[in-house]
Amino acid sequence: MTTLNITVEQAQGRVPVTVLRIEGDIDAASHKTLQDKAAEVINAGSTHILLDLAGVKYMGSAGFRAIHAIANMLADDPSPGLEKYKNLKLLSPTDAVAKVIKTLGFDIYLDIQQDRESAVNSF
Amino acid sequence: MSAEPSLDLTVKASLDNLQEIRSYIDQAGASLGISESALGDLRLVVDEAVTNVVIHGYGDVEGNVEIRMEASGSSVIVRIRDNAETFNPDQPGAPQLNTPLKDRPFGGMGIFLIRKMTDEAEFLPLPGGGNELRLVKHGAIQNGG
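Order-wise, the sequence lines are chains E and Z. Mapping of the first sequence onto this note's numbering: position 89 corresponds to residue 265, and the numbering continues sequentially without gaps. Mapping of the second sequence onto this note's numbering: position 107 corresponds to residue 220, and the numbering continues sequentially without gaps.
With the rest of the complex left out, here is chain E (with noise of 0.2 angstroms):
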């Protein structure tokens, strides 16, 4: 059984910023732990999330199913263009989890931070 554990913490930058560490292996089992945790601090008022993947060896497909979801729970549409999401940004993906992102073509869309406070800064 895949676990999947999600620590919560908040930092203030220019917005107040929810940081979700990640650790474990994100797959089809536990993908809905993160979606689900993700909810939890949208409904509590979270409006801007930093997923911080640091601590996450693995993420298949499923993965990108929970930050898609978590995206549109933030309402956050980057379209008609091409941008960026604003209110949903990864920080310190491991160098395979990175590869995946890049496969699926989601750094496209996904602004990938690589330090804590420059990341939490850059809402």
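Hints in this document: simulated from the structure, not taken from any laboratory. Only a predicted model underlies this, so the values are computations on that prediction, with no experimental measurement involved. Glycine included, C-beta positions come from ideal geometry on N, C-alpha and C. No false leads were slipped in.
Facing chain E, according to a computed beta carbon distance under 10 angstroms, are these residues of chain Z, among others:
# : residue
1 : Leu-128
2 : Leu-131
3 : Ser-150
4 : Gly-153
5 : Val-167
6 : Gly-223
7 : Met-230
Covered, in the sense of this in silico footprint (three residues per stretch, anywhere, with C-beta under 8 angstroms from a C-beta of chain Z), are these stretches of chain E:
#  : region
8  : 199-212
9  : 224-237
10 : 276-286
Mind docking chain Z on chain E? Use the hints.
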């Protein structure tokens, strides 16, 4: 002439077993001498393939999935067998990479990744029923062949 090494795993086709399957890929990969980069790709494609077997193949029906990993020179061959309904891989299309994310249909990402991260991906119906997905990755084995 000695036979090429191979390793098998048979488990219940369940999303609850994905972690175990990825661990098996890591262990089998290490004993076959597969490079870390190729192993990362295989971990992903096998996970995606088994996820498809569980969700689209068996659905609500119980069944097993059998994974066999073998070396062939510097290539690695992975065979994933199930007993589910015959699978048509051409049904879901490739993800529409230039479509805004919110408008993207989400089917087909797994198949897209499988084809993208292997050199050969062949879906074969088995004579007695079920399917075999045969995956080949060239140059995966360090010092192989």
